[in-house]
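Enquirer: So the chains spell out like this:
Protein chains: 2
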Amino acid sequence: MSSNKLQIIKTMQPKEKPDVNQVKFGSVFTDHMFKMNYTIDKGWHDAKIIPYQPITLDPAAMIFHYGQTVFEGLKAYRTNDDQILLFRPEQNMRRLNSSSERLSIPQIDEEEVLYYLQQLISIEKDWVPKDPGTSLYIRPFIIATENSLNVNPSCSYTFMIILSPVAAYYPEGINPVRIYVEEQFTRAVKGGTGMAKTAGNYSAAYNAQSAASTLGYSQVLWLDGLEKKYIEEVGSMNVFFKINGEIITPELNGSILEGITRKSLIQLLNSWNVPVVERKITIQEIVEAYEKGLLEEAFGTGTAAVISPIGELIWNDLSIKINQGETGETAKRLYDTLTKIQTGKISDPFGWTQQVRELDETIPSH
Amino acid sequence: MSSNKLQIIKTMQPKEKPDVNQVKFGSVFTDHMFKMNYTIDKGWHDAKIIPYQPITLDPAAMIFHYGQTVFEGLKAYRTNDDQILLFRPEQNMRRLNSSSERLSIPQIDEEEVLYYLQQLISIEKDWVPKDPGTSLYIRPFIIATENSLNVNPSCSYTFMIILSPVAAYYPEGINPVRIYVEEQFTRAVKGGTGMAKTAGNYSAAYNAQSAASTLGYSQVLWLDGLEKKYIEEVGSMNVFFKINGEIITPELNGSILEGITRKSLIQLLNSWNVPVVERKITIQEIVEAYEKGLLEEAFGTGTAAVISPIGELIWNDLSIKINQGETGETAKRLYDTLTKIQTGKISDPFGWTQQVRELDETIPSH
Numbered sequence: 000m001s002s003n004k005l006q007i008i009k010t011m012q013p014k015e016k017p018d019v020n021q022v023k024f025g026s027v028f029t030d031h032m033f034k035m036n037y038t039i040d041k042g043w044h045d046a047k048i049i050p051y052q053p054i055t056l057d058p059a060a061m062i063f064h065y066g067q068t069v070f071e072g073l074k075a076y077r078t079n080d081d082q083i084l085l086f087r088p089e090q091n092m093r094r095l096n097s098s099s100e101r102l103s104i105p106q107i108d109e110e111e112v113l114y115y116l117q118q119l120i121s122i123e124k125d126w127v128p129k130d131p132g133t134s135l136y137i138r139p140f141i142i143a144t145e146n147s148l149n150v151n152p153s154c155s156y157t158f159m160i161i162l163s164p165v166a167a168y169y170p171e172g173i174n175p176v177r178i179y180v181e182e183q184f185t186r187a188v189k190g191g192t193g194m195a196k197t198a199g200n201y202s203a204a205y206n207a208q209s210a211a212s213t214l215g216y217s218q219v220l221w222l223d224g225l226e227k228k229y230i231e232e233v234g235s236m237n238v239f240f241k242i243n244g245e246i247i248t249p250e251l252n253g254s255i256l257e258g259i260t261r262k263s264l265i266q267l268l269n270s271w272n273v274p275v276v277e278r279k280i281t282i283q284e285i286v287e288a289y290e291k292g293l294l295e296e297a298f299g300t301g302t303a304a305v306i307s308p309i310g311e312l313i314w315n316d317l318s319i320k321i322n323q324g325e326t327g328e329t330a331k332r333l334y335d336t337l338t339k340i341q342t343g344k345i346s347d348p349f350g351w352t353q354q355v356r357e358l359d360e361t362i363p364s365h
Numbered sequence: 000m001s002s003n004k005l006q007i008i009k010t011m012q013p014k015e016k017p018d019v020n021q022v023k024f025g026s027v028f029t030d031h032m033f034k035m036n037y038t039i040d041k042g043w044h045d046a047k048i049i050p051y052q053p054i055t056l057d058p059a060a061m062i063f064h065y066g067q068t069v070f071e072g073l074k075a076y077r078t079n080d081d082q083i084l085l086f087r088p089e090q091n092m093r094r095l096n097s098s099s100e101r102l103s104i105p106q107i108d109e110e111e112v113l114y115y116l117q118q119l120i121s122i123e124k125d126w127v128p129k130d131p132g133t134s135l136y137i138r139p140f141i142i143a144t145e146n147s148l149n150v151n152p153s154c155s156y157t158f159m160i161i162l163s164p165v166a167a168y169y170p171e172g173i174n175p176v177r178i179y180v181e182e183q184f185t186r187a188v189k190g191g192t193g194m195a196k197t198a199g200n201y202s203a204a205y206n207a208q209s210a211a212s213t214l215g216y217s218q219v220l221w222l223d224g225l226e227k228k229y230i231e232e233v234g235s236m237n238v239f240f241k242i243n244g245e246i247i248t249p250e251l252n253g254s255i256l257e258g259i260t261r262k263s264l265i266q267l268l269n270s271w272n273v274p275v276v277e278r279k280i281t282i283q284e285i286v287e288a289y290e291k292g293l294l295e296e297a298f299g300t301g302t303a304a305v306i307s308p309i310g311e312l313i314w315n316d317l318s319i320k321i322n323q324g325e326t327g328e329t330a331k332r333l334y335d336t337l338t339k340i341q342t343g344k345i346s347d348p349f350g351w352t353q354q355v356r357e358l359d360e361t362i363p364s365h
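Which chain is which? The protein sequence lines are A and B, in order. According to numbering that gives the first Met the number 0, the first sequence holds residues 0 to 365 in order. According to numbering that gives the first Met the number 0, the second sequence holds residues 0 to 365 in order.
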């Protein structure tokens, strides 16, 4: 990792910072962005932090035709004493590389990119909002840039990081939502790209999401693509259930995204000696637990929303009300604990948070 | 269809035309491109033919993050008397809309866009190459352009058509290739996006393609994502088998692309009274036909290559040699007939070809 490879060009025209509670999620961006390029002969090179600006691509750039792209999502939080914390960013870099492997995209140097990310956040630290539930959303992504219609992995790529100050994902707090069990569309299947954070997975889910919205539901619960039997994810989140005191989440099977929030919540539950298990779980089992009065909680988990409690599941004609449509005690305890660790309000026994260092002033800035 | 909506700006600096037999597929583009935009309030608007040029997008443009995009591929051919023919372009426009429906992208007016395509090809007619097997490859595509990280259908889109003069896809002629039956990766599954021409389907196949190449095979044969039992496609082509005199191709099932070459070949076979059936077919059935000496031919079909004969299929440890590794008579007859219709060398009893009209000079050009 040679920090002197990083070129920094600061903006002459910083933008006015918005009231994050008034802007839509992911629609306002900060003054600077990170960018570096990959070519086969040079590898990753030309790392720079530059003013946020449009990118120019040939209409034949492969990203527009064959979808070779991966991304990540993580957050920076402001503590009460104005430190900036990142939450497990090394996990995101590891997952980015894992996604890239599935999409035939060259690996990044995880430590080096973490360093660049630290520098970028340091420059943009005034953009990390203060209000409860707010944060600076971080979007690293890689796109294929070779200009060719040949169906083959690209020989060139651009890696970028853009930053967006965001309010709490659910402005009304973590209120339980109504979820529709999807039977027609499929999100992912064994041998596919479900475990990768790649663009095509997300737009593939719009039809189902739109049908759910029309019927008055917030999201869909995805069943496995093979038998439409096993529960996989909810919307673009991992999913957890509490049945008779035990927490259950679908085991990673190659079509489920390995959520960093998911992993962290499992560790928290273990530290509390709350029974938690990763295993296959069918929608039928949920119905049976419900009918026996043993289905105590259900919630989705992810970086954007942290925890999204499920108040009602609709499967065909059956309505499964969960915890009288209220947020359950486990979901609430997990949410409170995780967000307090993320924002430095309680101590971090797991070493999950990383403080953003001041910008290394030995680097010349222009 | 109001043709006066089309603005035409011609280049002042036409490029030198390359020897298409010396350039890689889809790497050289013509002097002009077509572009129009969509917004919710205006619908599709601002249709224009302009000099081929880069496009500028915000790094938050949704195409980079959630993969909401569709495309088409078709060709323009030069006849011996220097007419320019399009092959069933209305089918591509119909399929583009069908793909868009799956990806929650607004529909285009198929007739209007065909008119724009005709105008574009007319302006670029000198770019349609003359040599046998060559053509002008046409790539219409739509990308989501809203600048937002919200996981939702975009509120704005850009539709473009770019053109690339291409040599025959297989410069060495239609020589049979070796194909590996893929068991690990999955191309598509029921309820997924397999029937749509959308970017994510293509990069999702790179890992399998790369593994096949490393082992010395040209492409992979895709089995269904559910049971890994039924044959679906070969590489990015539809697939046909000839068993004991009958031609069989997998029936459209929601995860197989509805190929226009596929459809045309079925019509040709019907017109010849050659038995042809669309039905489910298992890899096991192919093995059994082979063992009984009844597997006579196998070939992939698609716009780029037209027909790609399969000389050998490898499934686990079994090598299935087909027709002594030679191109079969049906594949050859289909290839010859279809390419002759496409290039106007024989009459077109099906009305498949459309002559490109001269540019409507009532349109002001700048």
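In short, the hints are calculated from the structure, not lab data. Computed from a prediction, not measured in an experiment: that's the story for all the values here. One or more of the hints may lead you astray.
For chains that are exact copies, the list does not tell them apart, and a pair is met inside one copy or across any two.
With a Cα cut of at most 27 Å, we get these calculated DSS-like pairs of lysine-lysine [unchecked claim]:
no., residue 1, residue 2
1, K129, K339
2, K344, K124
3, K41, K23
4, K227, K34
Enquirer: Run every hint past the structure and note whether it holds.
Expert: Verification of the supplied hints:
{"no.": "1", "hint": "K129 <-> K339", "result": "within (14 Å within a copy, 69 Å between copies)"}
{"no.": "2", "hint": "K344 <-> K124", "result": "within (19 Å within a copy, 68 Å between copies)"}
{"no.": "3", "hint": "K41 <-> K23", "result": "between (39 Å within a copy, 22 Å between copies)"}
{"no.": "4", "hint": "K227 <-> K34", "result": "neither (41 Å within a copy, 41 Å between copies)"}
When the structure is compared with the earlier hints, a violation turns up for hint 4 alone.
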